[in-house]
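The task is simple: from the sequences and hints, build the whole structure.
Quick mapping for you: the protein sequence lines, in order, are chains A and B.
Heads up, the first sequence is in the working numbering, so the first residue is 1 and it goes up one at a time.
Heads up, the second sequence is in the working numbering, so the first residue is 1001 and it goes up one at a time.
Accuracy of the hints is not assured; some may be wrong.
What the hints assert, rightly or not - Partner residues aside, some chain A positions facing chain B, computed with beta carbon under 10 Å:
id	residue
1	G52
2	K71
3	R73
4	I76
5	G81
6	S98
7	S108
8	W115
9	L116
As the list claims (entries may be wrong) - Derived lysine to any residue pairs resembling SDA-like cross-links, with alpha carbons at most 25 Å apart:
id	chain 1	residue 1	chain 2	residue 2
10	B	K1175	B	A1263
11	A	K34	B	Q1114
12	B	K1302	A	G88
13	B	K1310	A	E55
14	A	K40	A	S98
15	A	K40	B	P1194
16	B	K1192	A	M123
17	B	K1077	B	E1053
18	B	K1301	A	D60
19	B	K1319	A	G257
20	B	K1103	A	T112
21	A	K239	B	G1171
22	B	K1311	A	P50
23	B	K1302	A	E55
24	B	K1319	A	R304
25	B	K1061	A	G82
26	A	K32	B	P1183
27	B	K1325	A	E353
28	B	K1318	B	M1336
29	B	K1077	B	V1059
30	A	K34	B	F1115
31	B	K1318	B	K1302
32	B	K1319	A	N256
33	A	K32	B	T1179
34	B	K1061	B	D1131
35	B	K1302	A	T41
Calculated directly from the structure, the hints in this document are not laboratory data.
Note that the structure is a prediction, hence the values are computed from the model and not measured.
Backbone N, C-alpha and C define an ideal beta-carbon position, used for all residues, glycine too.
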Amino acid sequence: MKNLKYILVVLFCLLFTAQAQAYSYKTCGDKKIKWDSNSKTLYANTTSFPAGYWENGIRDTVNAFNRNPSKFRYGIAMDSGGVGRGNGQSEIWGWPGSKIDGAPAVASQRWTCYWLFGYHAWMNEVDVIYNYDEPFRWTASTSKNDLIRYKGTKRSLQTTGAHELGHGLILNHVNTEYNVMGADFEHIHVNGSTARAYIGEDASDGAVYLYGDRGGWQDVGVVHWKYSGPSGEYSDHTKTVIYNSSGAVLPSVNVNGEIGHRVTRGQWVQVEFTFENNGSNTQSGVNVGFFISTNDTISTGDRRVAGRTLSLGRDNVLTTSTWVLIPSDLTPNTNYWIGAVVDETGSIAEAVEWNNATYIPIYVQ
Amino acid sequence: MKKSIALYQTVVVFLFSFYGTTAMSHTSVTGEQRGNLVELTEKSDVVAVGSVETVNYIVTKGVDEEGEIPYTVVTYKLEEAIRGNKKVGDKLVLKFVGGADGKGGFMTVSGVPQFQPGEKDLLFVKGNGEDERCPLVNCEYGRYRIHNGQMYNTHGQPVRGMVKNSAVARGERAKVFETFSYPTPSFDELMKNPHAQAMLTKMGKDVNTARAEYEKGKPKNLVVVRTPVAGRKISDNAGADSNAKGRRSGSSLKAAIGNNAIAHTDVLKTVKSLHSKSRRKPVAFKDANHKTGMALRKAVKKSPGRLVDKKLVLTGSKKDQDEEKAVRAQDGNPVMKRTR
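Written as structure tokens, this is what we have:
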């Protein structure tokens, strides 16, 4: 009887786990299609990524992807030789848009699958090809002022690259959750003027499923983006918002070139942020502080106005709202920023700390 | 109506130039364009409904440094011919990059659709693929899937209504579209693959015995499954496709769409009407050659142009600047170290 209970509990957990994941991969026969080792070197072409700004950018892209709890890691080497699909090397380069049907970027995947008295399947090659023609204007900068959806007009080399490198693991598009395998240019961490690409909770979950957990890689984070719905097979994302006490979204207002919300001194509001666990283990009792800042850089040096604790597992991305009282002594008709700092006490030994704070702009009246 | 189409074309060009950089990763198409049958019809040289009769794979040597590139040659038999120089009963032959090399190797390219015999589709065709360009308008978005008389979008989501000449697809991908089959190679073809050869050697089997056992026991197809098929559920009414009024679903849109996939004939009726009002005469279509590979175009690697990191200029009060400097000094860690 005790065993039966145990089996039922295990079955329930498995069922729950299956429903939680959004990442998707491919199988051929009874085999997952994946690399046959935990590392793969990518050769970035030096014409497409010349030394300096662009080389740094493509290296940053690969590093961004590698910040995940799985055992898999991409390596990167610069290569001045030729590039091409199907040449046995996994490469990254830029082509005219006409060669890739005008898409911003594509991943060309080469894989093997056959049956020979049992199934055999593995990845052979992935080539990531950027479209270097108009209308795509790329930036390798980590300044949000350059980026679309912020104050700029350019698309991040790093976010799109992280998406394509996800295809390199044979992760498919996802349309059910905030995810780098959805709208990559709306999947980014920003605090202050710095915007950085990352692969996020769900793709991390997929990478761990396919390649195992490297162990001890802890990382929680918070962003001002959330899932807004499917766009075909991609997830569409939008910025998190602030609600009034009735749950209605507060009126939007331009705050230093970004969309913020109009709030009133002494008003109770619900501020919405998305929390992720991009690490190896579930984190319980994670302290989250909410702060009012006079700039868009949120830190624990700002004025703390609320706090809560969260349990963050690496399962579903958590978008949640928190009650915050707008202080009555703020200067009226002035821009402020409401921010969240996850793990505000610095209790978790994290591999990545820069993704622990973000903001929503407000105009206080 | 002609005026409104001209206005629409102007608007599309404007939106495309504005939103181009915000397209999803593997398509130049933005949310506003997806499912828009006006654009799809207007840009097509052939609009037709057909069933996939055969799928052949051809391997071509790539250009320059490229290795062998597999291509898919798909032949449809047409059941409805709405636009262009094709008639009911005609064949329609298209080529797409990617496919099987016949000895256990495969190439798939994100954003390029795949085809299996027996599938029935509504196609918006432009070109035949001989020149390496995807021969569908907006590539994968120029294909609608028909299953049991109902219409699904290219990704297998049910088309649940027509709103302002747009096919609005919402909800989960139908499970029938989660699997894809490639023909299993013959033993002798598979043995051209060095990995398979080595595997056989490792097994210590005699070639003739292995051939006989392989041909008797091999699966008919190699089935690739997009898995897991059950994930987090999405709201039935959520979606950014095809909403002629904007990207988000609204109450008016919800009222205009049903709960299930609509009949494919409802979509065809709209497409036929749009074709009758079209201003552009379609270019004569010529089938792709199903025996040859693609005429690959040479392409030079491109340089991204000169850009340098701008020096960060901190603004705001001294306190704000000090805070940003302090956070940057800690590599972005927002938890400030306490000093005595």
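Status of the hints after comparison with the structure:
1. G52: holds (7 Å)
2. K71: Violated, because the Cβ-Cβ distance from K71(A) to chain B comes to roughly 21 Å (cut-off 10 Å).
3. R73: violated (20 Å)
4. I76: Status violated, d = 17 Å.
5. G81: Hint on G81(A): holds, closest Cβ of chain B at ~7 Å, below 10 Å.
6. S98: With Cβ-Cβ at 7 Å, under 10 Å, it holds.
7. S108: Holds - the Cβ of S108(A) comes within 10 Å of chain B, reaching about 5 Å at its closest.
8. W115: At 6 Å from the nearest chain B Cβ, W115(A) passes the 10 Å test, so the hint holds.
9. L116: For L116(A), the interface hint holds, since the closest Cβ of chain B sits about 6 Å away, which is under 10 Å.
10. K1175(B) <-> A1263(B): holds (18 Å)
11. K34(A) <-> Q1114(B): Distance of about 20 Å is within 25 Å: holds.
12. K1302(B) <-> G88(A): holds (21 Å)
13. K1310(B) <-> E55(A): This hinted pair holds, its Cα atoms lying about 16 Å apart.
14. K40(A) <-> S98(A): violated (28 Å)
15. K40(A) <-> P1194(B): holds (21 Å)
16. K1192(B) <-> M123(A): Distance ~18 Å between K1192(B) and M123(A) Cα, so the pair holds.
17. K1077(B) <-> E1053(B): holds (6 Å)
18. K1301(B) <-> D60(A): holds (21 Å)
19. K1319(B) <-> G257(A): Holds, because 21 Å separates the two Cα atoms, which is no more than 25 Å.
20. K1103(B) <-> T112(A): holds (9 Å)
21. K239(A) <-> G1171(B): Distance of about 22 Å is within 25 Å: holds.
22. K1311(B) <-> P50(A): Roughly 20 Å separates the two Cα atoms, so the pair holds.
23. K1302(B) <-> E55(A): Holds, at roughly 14 Å.
24. K1319(B) <-> R304(A): holds (16 Å)
25. K1061(B) <-> G82(A): Holds, because 15 Å separates the two Cα atoms, which is no more than 25 Å.
26. K32(A) <-> P1183(B): holds (18 Å)
27. K1325(B) <-> E353(A): holds (16 Å)
28. K1318(B) <-> M1336(B): holds (17 Å)
29. K1077(B) <-> V1059(B): OK: K1077(B) and V1059(B) at ~24 Å, within 25 Å.
30. K34(A) <-> F1115(B): holds (23 Å)
31. K1318(B) <-> K1302(B): violated (43 Å)
32. K1319(B) <-> N256(A): holds (18 Å)
33. K32(A) <-> T1179(B): holds (14 Å)
34. K1061(B) <-> D1131(B): holds (14 Å)
35. K1302(B) <-> T41(A): Given pair K1302(B), T41(A) holds - Cα atoms ~22 Å apart, limit 25 Å.
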